[in-house]
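Number 82 in our numbering belongs to position 82 of the sequence shown; there are no gaps in the numbering.
Accuracy of the hints is not assured; some may be wrong.
For lysine-lysine, the following PhoX-like pairs were computed, each having C-alpha atoms within a straight-line distance of at most 20 Å [stated by the list, open to error]: (1) 269 x 77; (2) 242 x 213; (3) 27 x 288; (4) 187 x 56; (5) 237 x 220; (6) 303 x 288; (7) 265 x 233; (8) 125 x 113; (9) 269 x 288; (10) 125 x 56; (11) 110 x 220; (12) 284 x 303; (13) 37 x 49; (14) 82 x 242; (15) 265 x 82; (16) 285 x 269; (17) 82 x 269; (18) 191 x 149; (19) 29 x 49; (20) 29 x 77; (21) 110 x 37; (22) 49 x 297; (23) 127 x 149; (24) 187 x 140; (25) 237 x 211; (26) 82 x 236.
Distance windows between CB atoms, simulated [to be verified]: (27) 237 x 48: 33 to 39 Å; (28) 297 x 217: 14 to 20 Å; (29) 139 x 42: 43 to 49 Å; (30) 188 x 239: 37 to 43 Å; (31) 217 x 150: 38 to 44 Å; (32) 297 x 266: 26 to 32 Å; (33) 150 x 266: 42 to 48 Å; (34) 139 x 188: 30 to 36 Å; (35) 268 x 27: 25 to 31 Å; (36) 40 x 143: 42 to 48 Å; (37) 264 x 29: 37 to 43 Å; (38) 150 x 188: 20 to 26 Å.
FYI, nobody ran anything at the bench for these hints, they're computed from the structure. Keep in mind the model is a prediction, meaning the values are calculated, not measured. C-beta: ideal position from N, C-alpha, C; glycine also.
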Amino acid sequence: MALAIVFPGQGSQYSGMGLDFYNSNEKAKSIFDSADKFFGGGLLDVMFKGTEEDLKKTDFTQPAIFTMSVAIFEAIKENLGKPLFFAGHSLGEYSALFAAGAFDLETAIKLVKLRGTLMQQASEKVKSGMAAVLGLDLEKIKQLCERAKSFGYISVANYNCPGQIVVSGEISAIEAAEQIAKELGAKRYIKLSVAGAFHSALMQPAADVFKEKINDFTIKDIETPVVVNYTAKEVKKSSEIKEAMINQITSSVRWIESIEYISSKSVDKYVEIGPGSVLSGLIKKIDKSAKIYNIDKLSDINKLNE
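Input sequences plus hints: build the corresponding full structure.
Spelled out as structure tokens, the structure:
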């Protein structure tokens, strides 16, 4: 079977995430401890013992999810075999790039911390948010955004799977869109618990600073390609990786197209590594024939032998 390894993004976090790997796997423990040091301390406390509120703070959430994902990857990669592709949803793209060898752990933690801080700062400049719209096709999502635009800025943030699209924008537009979504026949409209309008033009201040600072970091060419959110195509060169990382901050996450692209290259097995199993659920709706595994707890490793 041809394999792709995928990593989740923000929203999958929970208190105690990764603790079983930390306590029982030396490779994972080493990654956790190093990441905590590079972060500047306090990260593991939030991951293992933090409240839900602690874990919602973007500048903590993003390094926490990244750290758990790559610690598990390092612990189990010998069991997985060589993938044809890596991919990650939003923040998960950083886990994918690390796994592919684009940068070392210290660089990764500093990049993720910078991204999270800049996104948090951009979120504080304007009251904004995100909402998941369930049960509308893309044509009706376009209508929704067009009608809600009169109340404030709104755009599509995540093309997650057929029937699940996330919109992002000013709170006034996100709130107005709820009634419009009902009128258009949406099954559900769920306001997300996030700091701001991620993957939208409202994150431009974050992208501008990130673009200035990214050249301070060493980012290498990779051999195993990463299919990136920005284009839903594969990248291998350092210059392409940097461009994707900058543009991802303000661009839609094209997850449907990404999985369709990977599946078109004969991939029929996906392993999701990190907290939760959100991506496994999305992939099932995009590629119904694929075998999909998620590794979140130590006990999940046994699934790989099924």
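Starting from residue 187, check that the Cα of residue 140 is at most 20 Å away, please.
Cα-Cα ~13 Å, so holds.
Taken at face value, is the distance from the CA of residue 56 to the CA of residue 187 at most 20 Å?
26 Å, violated
Below or equal to 20 Å on CA atoms is what counts here, so check residue 191 against residue 149.
Holds, at roughly 17 Å.
Lying within 30 to 36 Å: is that true of the beta-carbon distance residue 139 to residue 188?
Hint violated: Cβ distance 19 Å, outside 30 to 36 Å.
Is it true that the CA of residue 29 sits at most 20 Å from the CA of residue 77?
15 Å, holds
For the pair we were handed, residue 269 and residue 77, check the Cα-Cα distance against 20 Å.
With a Cα-Cα distance of about 15 Å, the restraint between residue 269 and residue 77 holds, given a limit of 20 Å.
Is the hinted range of 33 to 39 Å satisfied by the C-beta distance from residue 237 to residue 48?
Holds, at about 37 Å.
Distance restraint evaluation - residue 297, residue 217, Cβ atoms, bounds 14 to 20 Å:
32 Å, violated
Taking the Cβ atom of residue 150 and the Cβ atom of residue 188, is their distance within the range 20 to 26 Å?
Cβ of residue 150 to Cβ of residue 188: about 23 Å, so the range 20 to 26 Å holds.
Look at the Cβ atoms of residue 297 and residue 266 and judge whether their distance stays inside 26 to 32 Å.
30 Å, holds
For a C-alpha distance cap of 20 Å, please report whether residue 125 and residue 56 respect it.
18 Å, holds
Range first: 42 to 48 Å. Now tell me if the beta carbons of residue 40 and residue 143 are that far apart.
At roughly 46 Å between Cβ atoms, residue 143 and residue 40 fall inside 42 to 48 Å, so the hint holds.
In summary, the structure is inconsistent with hints 3, 4, 14, 28 and 34 from the numbered list given earlier, while agreeing with the others.
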